[in-house]
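K.L.:
Chains as they are written, first to last, in the working numbering: chain B, 1 to 113; chain X, 1 to 110.
Mixed in with the good hints there might be a few duds.
Here are the simulated SDA-like pairs of lysine to any residue, each with C-alpha atoms no more than 25 Å apart in a straight line [as the list claims (entries may be wrong)]: (1) K51(B) <-> L92(X); (2) K51(B) <-> V83(B); (3) K45(X) <-> R84(B); (4) K79(X) <-> T18(X); (5) K27(B) <-> I109(X); (6) K45(X) <-> R14(B); (7) K42(X) <-> M26(B); (8) K45(X) <-> I55(B); (9) K44(B) <-> D7(X); (10) K51(B) <-> G28(B); (11) K79(X) <-> E3(X).
FYI, nobody ran anything at the bench for these hints, they're computed from the structure.
Please read all numbers here as calculations on a predicted model, not as lab measurements.
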Amino acid sequence: NAGVMQNPRHLVRRRGQEARLRCSPMKGHSHVYWYRQLPEEGLKFMVYLQKENIIDESGMPKERFSAEFPKEGPSILRIQQVVRGDSAAYFCASSQGPSYEQYFGPGTRLTVT
Amino acid sequence: RKEVEQDPGPFNVPEGATVAFNCTYSNSASQSFFWYRQDCRKEPKLLMSVYSSGNEDGRFTAQLNRASQYISLLIRDSKLSDSATYLCVVNLGTGNQFYFGTGTSLTVIP
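Using the sequences plus the hints, can you model the full thing?
P.N.:
Below you can see the structure in the form of structure tokens.
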């Protein structure tokens, strides 16, 4: 009974490089959420996706960030031209539907050097 | 005003104590409510959903007060393993976002 899977668990990128974070939802879940958590801060919603659709991206920065959840394969959060301020833990969660409880993956810790 | 507000604590309590956390939410149209716990540098884990009638799971009791727009979590007979940050989560229902409080830190002392 695999839970939500994220990879990589740790990612180091130099300024200006691209970061790709992957999330496979729990079996039977078709709703995926991405959150960012800065050190000593709370979780901040970024984007909510269903298969092939972005439902709500109101928490995504306007530039450099994008997300997708293709018909086949994991959801991907892409950060282009990373800057030091992008260093954070990025958590993915999945659920059965928009008001159902969410289950979180272990997170990807991004460090930008 | 924040959608969800929690007392950040920290709460330091001895083993065996009873401790309660409150969380207030700003939107009266909120539909779903949850408590999560987060251990240091780990992912949030669902502790319990909060129902209108209140619900209990072992040593944990959650209550919802719609009139005053707050939810509470009561932990009885605290264990050392209860030390964590407790996150209050609200789903507004009008959109798809879950709003997380910044968390209340609990340390149970031997």
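K.L.:
Any of the earlier hints contradicted here, and which numbers?
P.N.:
Per hint list: 2, 3, 5, 6 and 11 violated.
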